[in-house]
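**Q** These are the residues of each chain, in order.
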Amino acid sequence: MDFFKDHILSITLFFPLVGVFLVMLPKKDDTVRWVANVWMFIGFLLSLPLVCWFKRSGDMEFSEQYAWIPSIGATYHVGIDGISLLLIMLTTLLGFICVLCSWSAIHERVKEYYAFFLLLQCGMLGVFMSLDIFLFYVFWEVMLVPMYFIIGIWGGPRKLYAAIKFFLYTLVGSVLMLLSILYLYFQYHAQFGGYSFDISELMKVVVDPHTQVWIFLGFFVGFAIKVPMFPFHTWLPDAHVEAPTAGSVILAGVLLKMGTYGFMRFALPLTPLGATNSKVVQGVVILSLIGIVYGALVSLMQKDWKKLVAYSSVSHMGFVTLGIFAMNPNGLSGSLIQQLNHGISTGALFLIVGIVYERRHTREISEYGGLSNIMPIYATLFMIITMSSIGVPALNGFIGEFTILQGAFEANRVWAMVAVSGVVLGAAYMLWLYQRTMFGQLTNPKNQNLKDVNVRELAVLLPLIAWAFWIGLYPKPYFDILEKPVAKIVERVHPGYFAQQKAAPVQAAVAEGK
Amino acid sequence: MSGFFTGNDYFLTTPAVLLALFGCGILLIDFLHEARHKFMNAVTALLGLGFTAYQLVRIQTQMDLQGRTELPGLHDSLLVDHFAIYFMLVCVSATFVAILISVRYLEIEREHHGEYYALMLFALLGMYFMLTGMDLVTLFIGLETMALSGYILAGFLRRDKRSNEGAMKYFLLGAFSSGLLAFGFSLLYGISGSTNLAAISQALAQRPPGDVLASLALLTTATGLLFKVAAVPFHQWAPDAYEGAPTSVTGFLSTAPKAAAFGFLIRIFLAGLFPMHLAWQPMLAMIAVASMTVGNLAAISQNNTKRLFAYSSISHVGYILLGLVAGNATGLQGINVYILVYAFMNLGAFTVLVALRRADIIGDEIEDLSGLYYRNPGAAVMMLIFLLALAGIPPTAGFLGKYFIFLSLIESQHYGLAIFATLYVAVALYYYMRMTAMMFMKEPASDEPLSMSPGIKIALGLTLVATLLIGIYPEPVIQLANAAILR
Chain H
396 MDFFKDHILS ITLFFPLVGV FLVMLPKKDD TVRWVANVWM FIGFLLSLPL VCWFKRSGDM
456 EFSEQYAWIP SIGATYHVGI DGISLLLIML TTLLGFICVL CSWSAIHERV KEYYAFFLLL
516 QCGMLGVFMS LDIFLFYVFW EVMLVPMYFI IGIWGGPRKL YAAIKFFLYT LVGSVLMLLS
576 ILYLYFQYHA QFGGYSFDIS ELMKVVVDPH TQVWIFLGFF VGFAIKVPMF PFHTWLPDAH
636 VEAPTAGSVI LAGVLLKMGT YGFMRFALPL TPLGATNSKV VQGVVILSLI GIVYGALVSL
696 MQKDWKKLVA YSSVSHMGFV TLGIFAMNPN GLSGSLIQQL NHGISTGALF LIVGIVYERR
756 HTREISEYGG LSNIMPIYAT LFMIITMSSI GVPALNGFIG EFTILQGAFE ANRVWAMVAV
816 SGVVLGAAYM LWLYQRTMFG QLTNPKNQNL KDVNVRELAV LLPLIAWAFW IGLYPKPYFD
876 ILEKPVAKIV ERVHPGYFAQ QKAAPVQAAV AEGK
Chain S
241 MSGFFTGNDY FLTTPAVLLA LFGCGILLID FLHEARHKFM NAVTALLGLG FTAYQLVRIQ
301 TQMDLQGRTE LPGLHDSLLV DHFAIYFMLV CVSATFVAIL ISVRYLEIER EHHGEYYALM
361 LFALLGMYFM LTGMDLVTLF IGLETMALSG YILAGFLRRD KRSNEGAMKY FLLGAFSSGL
421 LAFGFSLLYG ISGSTNLAAI SQALAQRPPG DVLASLALLT TATGLLFKVA AVPFHQWAPD
481 AYEGAPTSVT GFLSTAPKAA AFGFLIRIFL AGLFPMHLAW QPMLAMIAVA SMTVGNLAAI
541 SQNNTKRLFA YSSISHVGYI LLGLVAGNAT GLQGINVYIL VYAFMNLGAF TVLVALRRAD
601 IIGDEIEDLS GLYYRNPGAA VMMLIFLLAL AGIPPTAGFL GKYFIFLSLI ESQHYGLAIF
661 ATLYVAVALY YYMRMTAMMF MKEPASDEPL SMSPGIKIAL GLTLVATLLI GIYPEPVIQL
721 ANAAILR
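Sequence lines, in order, name chains H and S.
If you count by the numbering used here, then the first sequence holds residues 396 to 909, one letter each, in order.
If you count by the numbering used here, then the second sequence holds residues 241 to 727, one letter each, in order.
Since the hints were made in silico from the structure, they are not lab data.
Computed from a predicted structure; not experimentally measured.
It is possible that some hints are incorrect.
Said to hold, decoys possible - Sample of chain S residues facing chain H (criterion: CB under 10 Å; computed from the structure):
1) ILE392
2) LEU624
3) TYR643
4) ARG674
5) ILE718
Said to hold, decoys possible - Only some residues are given here: those of chain H computed to face chain S with a beta carbon under 10 Å:
6) ALA462
7) ILE464
8) TYR532
9) TRP535
10) VAL540
11) ILE548
12) ALA558
13) LEU563
14) LEU566
15) VAL567
16) LEU571
17) ALA585
To be verified - Covered, in the sense of this in silico footprint (three residues per stretch, anywhere, with C-beta under 8 Å from a C-beta of chain H), are these stretches of chain S:
18) 646-658
19) 677-685
For glycine and all other residues, C-beta sits at the position ideal for the given N, C-alpha and C.
Make a model of the complete structure from these sequences and hints.
**A** Following this line, the structure appears as C-alpha cells:
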C-alpha cells in the first residue's frame, strides 16, 4: 500500500501505456473492447485515491523525482497541486467515457483504435503531472501522434486534411515554445552553473522584462494554438468535425485544457514580467474577447451540429483565457472551474451529437427536428447539458462564468462588459440549436424510428451530468482545492497582491476619514 | 628519423589494414562461392567490420590508459582522437546495417557479386583516413578512396539505366568537386608551405583578415567540402544519385559517407581553417538556411521516396551545419549526436524501403508504401517511428539531435536562425506524414508480403532499438558525443 501511495502518480500515468500492449493481444474485436474498457475503468479507479489523499497543502503533492538524463539536467519529476488534480480527474474520467462511448461506433481496426486512445491517455496525464519542463515537452509532443491517427483513420471524409492540420498547427506552436524553454534553460546555466529543467529551479532565473516578453510570446504561441485562441483556432473546427465522437470529446474535453494549463503552470510563473506587461495583457485579453464574441457569432450560423459545438468551444475557451489574464484569484480559479465545466459540458455535447450521428450518419441540423417526441430521455439529457453549457444557475457553467466575470470586472470593467455579451450569445445559439433539433413536429421520415438512448449511452452521460450538478450546487470543495495554488500564481505575477488587498480597505477608510 | 614506421604507426593503421585485408579477401574467395552461397561474402564483410570496430575500441582504450586524448602517427599525417574514433564507429555501424540489408536486395536484382561488399569495405577504409588524416594528401586520398568506391556502388546495377545515369552524375559532379577541393588544398599549401593542417592553421593566423589568397583558398576548399555533404547550392547530384543507386546503396551513401564527409569537413574547418572562422561562419549560416529551405520545400513535392529522402537529407545537412555555425561545445556535441542518430533512423527507413523491393515492383514510389500497414503492420509501425524520428518528435532519438542544435543556436544568440530552423521542423513533418498517411490510411497496393530476410529483420531490430533507446535514455550517447568533441 505504501508503495502504491508513494508511486501513485507514476502508476496512474503508465497504467494506460501498459494497456496499449495489452489490447494488442486478443484476436476478437469484442474482447479488445472489453479489455480496453475495463483497463480504462481501472485507470480511473486508480486515480480516485488522489482525491482522498490530497492534502491541499498548496505545494506539489505525491511528487516523485528520479534522475533521467543527468548530463542535461532532465529529471523524471512528477507531482500535482490542486490545478493539476482537477484536470487529471477530468482526464481519467473522460478517458474512460470516451472508450465506453466508442463501443458501437468503431468497427474497423478496433485494436489500433483503443491502443491509440490508451497512448493518448498516457500522454495527456503526463502533461498534467510533469514538473520537469523537458518531460512535459516530451509528453506534449507524444500525445500529438495518437490524436493524429485517431482523426486520420477513424475520421470523416476530410480526415487526412484535418489530421495533418491539427498536427502541423500544434507542432509549430510547440517548437517555438521549445525555443523559449531552451532560452530559460540556458540562462539558468549562465546564472547558476548547473543544468536543470525543473520548473521551480527555472523560476529562479532572472531575466529582464523586455526579454521576458519574447520568452512569453514563445510560450504564448505554443499554448494559444492549443487552447485555441482567436486567430489560431482554424484547426479546431476541422479537427472536431472530422474526428470520431470520442476523438472530439477528448479533444474538447482534455486536449484544449493543456493550452490553458500551460499558461497557468508554465507561461505565467516562468515569465511573470512578460505576462504582466501591459501590452501583452491587453493583447491577450483582446484576443480572448474577440474569441468569445466571434466564436459565439460563428456558432449562431452553423448548419452542422458538431461544427456549432466546435465553435462554441472557441467562445468558452475565450472565457478561460480571459480569466487567466485577469490575473486575480477570482479570474484564475474561475478559469480553472470553467476548464472543468467546458470538459464536462462540451464533452457531453459531443457525446449527444455522437448518439444521433451513430443512428443517422448526418450532422446537418436541418435533418433533425422534433426529436423530443420520440427520444424523450435523450431530449432531457440534452436539455440539462444545454443549460450547463449556457450557464444556468444550479449547474456548473454558471459558477465558472460568474467567477471569471467577477475576476474580469475587478481587473477592468470593460472586459467584463464585452464578455457578458458572450454569455447572452451563448444562450442564443444553444437554445436555438435545441429548438431546431428537439422541438416542433417530427417532419423528417428518416427520424421516425430513432431509438432513444440505451443503457450504455446513459452510463456515458450520467456521470458528466452528475458532476455538472455537483459543481453547480456545491462548488466549495473546488474553490478550496484551488485556493492555494491560485494564490501562488497570483503572488508570483503580482508580488504583494494579497497584502495590497488587505491594505486597500484600510486606505479607503483613511481617505474617507480625511 | 629512426625508421619509416615508428611507435604507434602499426597500431593506428590496423583498422585500415583490417578493412583492406577483408576487402581483398572477399574479392579472392568470391569466385569460390556458388551463387546460392554468395551471402557468405556478406558474412565475411560483417566479420571484418566486427574486427575493425574491436580494433577501434582497443585504440580508444589504449589512449585512455595512456591518459592521452590523441595519438599522432605516420609522422603527424594521422591523428587518432576520440572524435575520429566516434565518427568511425558511426560509419562502421552504418556500413554494418547497410550490408545486412543488401543481401536479399542484390539477390532480387540478380547482381549479387562479392565486389559489392569489398567496395563497401574499401569505402570505409577511405573514411578512416578522412577522419584521422591531419595531412592534406592523406585526407585527399582517403576522400577519393571513399568516393571512387561510392561511384561504383551507385552504378552497381549495370543493366539498369537509372543506376547508370545516377552513377554518372554522381561521378562527374564528384570529380568536379574533388578538383575544386584539390585546387583549394593547393592554395592552402601555397600559403603555408606545408600540407599539415596544424601548420596551415598557423600560417592562416598570420594572414591579415580579408587576405585575397586566403579567402580564395577558403572559398574553393569550402565549396569542395560542401559538394561532398550535398549542401545547397551544391546538392544537385544527390537526388539523381540517390534515386538511381540500388536502394541499399542509397541507404549506405546517405549515412556512412555522409558522416565521414562531415567529420572531414569539421576537421578541416576547425583544425585547419579555424583562424578564418569569422569568414566561414556567416557563409555556413547562409548555406545551412538554403539547405533547409531547398531540402524541405523540394521534398514536399516528391513522389519517389528515394528522391524524397535525398531532399530530406539535404535539409538534415542544413541542421547539422547549424551546429558548426553556433560553433560552441553544445553545437559540436549536437553534430556528433545528430550524425549518430541520423545514421540509425535514416538507415531504418531505408531498410523498410528495401523490404518493399520485390521481383516485379521497385518499391521506391510513395504509392508503393500505400496500405503497408495492412501488408505488414510491424514494418509500418517501425517506419512510422523512423519517420517521426527524422521529423524530430520526442521521445525518438531524432529529437535529441535537434535539441542540441537548437540549444547551441540559443546559446550563441542566433535567435533568428533558431526560429527559422524550428519552423522547418513543421514543414518536414508534413512530408514525412504524407508517407505515414500512405502507409496507414490508404488501401494496400498489393497483398503480397514484404521480402523479409533475416538480414533485414536484424537491421530493422538494430535501427529500431537504437532510435527508441537513444530517444528514451540518451545519457550514454550524450556522454560519448561529449567526449568526442573536437577540441
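**Q** Does the interface hint hold: is S/ILE718 within less than 10 Å of chain H, judged Cβ to Cβ?
**A** Status holds, d = 5 Å.
**Q** Would you say the segment 646-658 of chain S counts as covered by chain H, given the rule of at least 3 residues with C-beta under 8 Å?
**A** holds (count 6)
**Q** Does S/TYR643 pass the interface hint, meaning its C-beta sits closer than 10 Å to a C-beta of chain H?
**A** holds (8 Å)
**Q** Taking the closest Cβ pair, is H/ILE548 under 10 Å from chain S?
**A** holds (6 Å)
**Q** Per the CB criterion, is H/LEU571 less than 10 Å away from chain S?
**A** holds (6 Å)
**Q** Holds or violated: is the Cβ of H/ILE464 closer than 10 Å to a Cβ in chain S?
**A** At 5 Å from the nearest chain S Cβ, H/ILE464 passes the 10 Å test, so the hint holds.
**Q** Does the nearest C-beta of chain H fall within a distance shorter than 10 Å of the C-beta of S/ILE392?
**A** violated (41 Å)
**Q** Can you verify the interface hint for H/VAL567: is its Cβ closer than 10 Å to any Cβ in chain S?
**A** holds (5 Å)
**Q** Does H/TYR532 pass the interface hint, meaning its C-beta sits closer than 10 Å to a C-beta of chain S?
**A** With a minimum Cβ separation of about 7 Å from chain S (threshold 10 Å), the hint on H/TYR532 holds.
**Q** Under 10 Å is the threshold here; is the Cβ of H/LEU563 close enough to any Cβ of chain S for the hint to stand?
**A** OK, holds: H/LEU563 within 10 Å of chain S, min 5 Å.
**Q** Are H/ALA558 and chain S close enough, Cβ to Cβ, to be under 10 Å, as the hint says?
**A** holds (8 Å)
**Q** So, S/LEU624 near chain H? Judge it on the closest CB pair being under 10 Å.
**A** holds (8 Å)
The structure fails hint 1 only (numbered hints given earlier).
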